[in-house]
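There are 2 protein chains.
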Amino acid sequence: MDAIDTLVEEFARLPGIGRKTAGRLTFFLLKRPRDEALRLAHAIQDVTERVVFCSRCANVSEDELCAICRDPRRDPRLICVVEEASDIRIIERSGGFRGLYHVLHGRLSPLEGRGPDTLTLELLERRVGEGGVDEVILATNPDVEGEATALFLQRRLQPLGVRVSRIARGIPMGGDIEFVDEVTIGEALAGRREL
Amino acid sequence: MDAIDTLVEEFARLPGIGRKTAGRLTFFLLKRPRDEALRLAHAIQDVTERVVFCSRCANVSEDELCAICRDPRRDPRLICVVEEASDIRIIERSGGFRGLYHVLHGRLSPLEGRGPDTLTLELLERRVGEGGVDEVILATNPDVEGEATALFLQRRLQPLGVRVSRIARGIPMGGDIEFVDEVTIGEALAGRREL
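Each protein sequence line maps, in turn, to chains P and C.
The first sequence runs contiguously to residue 207 in this note's numbering.
The second sequence runs contiguously to residue 207 in this note's numbering.
Only chain P is shown next, with the shape it has when bound in the complex (with noise of 0.2 Å):
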């Protein structure tokens, strides 16, 4: 197979990203001048390699401990869990939260396979049980996994003592957080109830 349609084939891995969009996305590149198609290659090639995960939330980041993790500023009292680390950017950009967060990497889903040791409970239940959390915002996606996610942690951190909230439904049924605007999550931040 020749690069051209090695590269059609790889831009149509991506979601989202049919065969004709893949051919479209490799003869722009193939019209750019040569640095800034290669700006892309490496631009993927830093993020695979300096990326990791921190060890505090499981949040994307380029150090052990992540940006927000890092910062005196933020209440370690508060920590608001999210499905995927694209979530915390969503939030963030709404100003509504100055506490840490915990990223899952995914939710429960027994329909794909999906039980509580592919997320990153453990990590969360440690962080609960070493004390100084006041309360855990669940803020998963307002869909039918993403509340029974939330009812399983609930359940499971409630008898640690500390307090859950679940944020408030400001976000539509059956919507995805990454899709609401920032206005809206920062009113269903402000409005979380007690669980």
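Check each hint, because a few of them may be wrong.
One copy or two, it doesn't matter: identical chains are merged, so the pair holds either way.
Claimed, not checked - Straight-line alpha carbon distances no greater than 20 Å define the calculated SDA-like cross-link-like pairs of lysine to any residue that follow:
(1) K43 <-> V156
(2) K32 <-> L172
(3) K32 <-> L42
(4) K32 <-> R44
(5) K43 <-> E21
(6) K43 <-> T33
(7) K43 <-> P171
(8) K43 <-> H54
(9) K43 <-> H117
(10) K32 <-> T18
Derived by calculation from the structure, the hints in this document are not laboratory data.
The hints should help you fit chain C onto chain P, whose structure is shown.
Just chain C now, kept in the frame of chain P:
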């Protein structure tokens, strides 16, 4: 700027990819095994390093002559002129054409300041001037600028004693060759009319 932001930026430079999609692609790659993410980076590098333009027809190629120009079964008396190298793949898929190609790498566009010298016109005139070409089929897009480019080419090529034809308007006016199905492409080639 950290590695993740850089990659989001680079993805967002691609056509049709906004910042949110760029973020999704970045986090998709972060969750894949490292080898798999690097395959995309390497494919981009390969394309930028190995792909050149065919010295005869200006198609993309990994050798001095592209695979179509090297193929002895192709009819060198017939040249199909296209705007972009990507159009060749679409026409090839129709299976309706056994001649050679010529890639203009653009079209005339006075509004965007693209005159005849931005196209591979000299190369095409040299090919036709060298003889052995019976017919040049103009397969520029059937929109205003593509039609103007075809008219311009017809006036430049006809004095060289070659038959000049235009791909049939099977493709809807204002359309883009890239988005037409193979059958229509085949019919349009068969129904070409002499200019």
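Status of the hints after comparison with the structure:
no. : hint         : result
1   : K43 <-> V156 : neither (45 Å within a copy, 23 Å between copies)
2   : K32 <-> L172 : neither (52 Å within a copy, 37 Å between copies)
3   : K32 <-> L42  : within (15 Å within a copy, 24 Å between copies)
4   : K32 <-> R44  : within (19 Å within a copy, 23 Å between copies)
5   : K43 <-> E21  : both (18 Å within a copy, 19 Å between copies)
6   : K43 <-> T33  : within (15 Å within a copy, 22 Å between copies)
7   : K43 <-> P171 : neither (60 Å within a copy, 32 Å between copies)
8   : K43 <-> H54  : both (18 Å within a copy, 18 Å between copies)
9   : K43 <-> H117 : between (37 Å within a copy, 9 Å between copies)
10  : K32 <-> T18  : within (14 Å within a copy, 26 Å between copies)
When each numbered hint is compared with the structure, violations occur for hints 1, 2, 7.
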